[in-house]
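So the chains spell out like this:
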Amino acid sequence: MIPPMLLRLRIQEPGEKNVRLWIPLFLLWIFLAVIAIVLSPFLVVIALTLVFFAKGRELLIFLKALMEMLASLRGVRIDVSNPKRTSKVLIDLR
Amino acid sequence: MGTQEDRQRILQMLAKGTISVEEAEQLLSSLPSGTASATSGTADTQASSARKAPPKYLRVVVEPKAGSDNDRVNIRVPMQLLRAGAKLTALLPDQARTQINAKLGEKGINLDLGKLSPEDLESLMNELSELTVDVDGKDETVRIFCE
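Respectively, the protein sequence lines represent chains U and B. Under the working numbering, the first residue of the first sequence is numbered 1, with each subsequent residue one higher. Under the working numbering, the first residue of the second sequence is numbered 1001, with each subsequent residue one higher.
Same shape as in the complex, but just chain B:
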């Protein structure tokens, strides 16, 4: 289709640096809506990656390996619960917050709980959609992910 070729041409110009991201986005949005909104799966612009749906649940899955007597665990926690819990950090006493920040700093995490704004929290929660932890143990496998 001609419009599909236009789309690929725009993406090639973007890849070569001939046009900027903003210009590419404007050109793509000017294409007919039926094709402009379709994803080819071959390119991933910054605008489309920024519009990912935020994760709704945090899942923890523990699967025992064959021959193991361990339990199978499946936990699902709504992300909204994590958001609400994170807001309680505003109630931490200053002394406790200082100690927590110091401990986080020792581990290389430069995060000040007292300066965590709602926008920072929301951004953190949205980026958790990329979080995947896979632990392959002797008797079980553990998976932590967001969906």
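Okay, chain U solo, but in the shape it has when bound:
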């Protein structure tokens, strides 16, 4: 599964400046990957410590579930609007 690559954000409030953003999330994933690579020696030490204390399985489950959740965010859409007050909040992960 591919994590969301773009975040579309739209905030519209009467009397306020409209916000329309397209945020490239793929840059965030690249940044997180770089951070993970840099911190990998420490993560290995933490993982080995957890395995020593018989918590390695929980760590694997957590990491796997976390990756699946990030990848599953693609398609999330939250749309709140009020036609009378012409306000709108849109969060769309693509």
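By construction, these hints were calculated from the structure, which means they are not laboratory data. The hints are all genuine.
Here are the simulated DSSO-like cross-link-like pairs (lysine-lysine), alpha carbons at most 30 Å apart as the crow flies:
1. B:Lys1056 with U:Lys64
2. B:Lys1065 with U:Lys17
3. B:Lys1103 with U:Lys64
4. U:Lys84 with B:Lys1138
5. B:Lys1056 with U:Lys88
6. U:Lys88 with B:Lys1138
7. U:Lys84 with B:Lys1065
8. B:Lys1065 with U:Lys88
9. U:Lys88 with U:Lys17
Just a sample of chain B residues kept apart from chain U, beta carbon distances all over 10 Å, derived:
10. Ser1020
11. Glu1025
12. Ala1053
13. Ile1144
14. Phe1145
Rough simulated footprint, nothing fancy, chain B against chain U, three-plus residues with beta-carbon under 8 Å:
15. 58-72
16. 79-86
Quick reminder that beta carbons are idealized off the backbone N, C-alpha and C, glycines included.
Based on the hints, put chain B in the right spot on chain U.
The following block gives chain B in isolation, referenced to the frame of chain U:
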């Protein structure tokens, strides 16, 4: 068409109990593929209902009624996100899981979170395609469904 009559005859035999579901399925599959795969809309065998496409999104729609100042809300959540979140129940401490199971039991839900296998979860997610919640409130209507 002759094949359509054959199909209806098979379904009538199944309805009367003359043949079993497995035999009906074998007979239907032996019909020419152009008609055997078509759905007449008049019968729903157990085999066809088992092959429903699993739902992809959970939708929550709140529509304000005329004259109401409430917001209109439209939320779409991928079912895959729910699956991934459900897997996190494996990380719950035993004490928390016991309390949750007890609370569920009080409400008549005999579900042990610790024994929820991936197959059970998948079956639960597939059956959610039939879920529809309609709440007709004073100022808004709420719909929860899967698509």
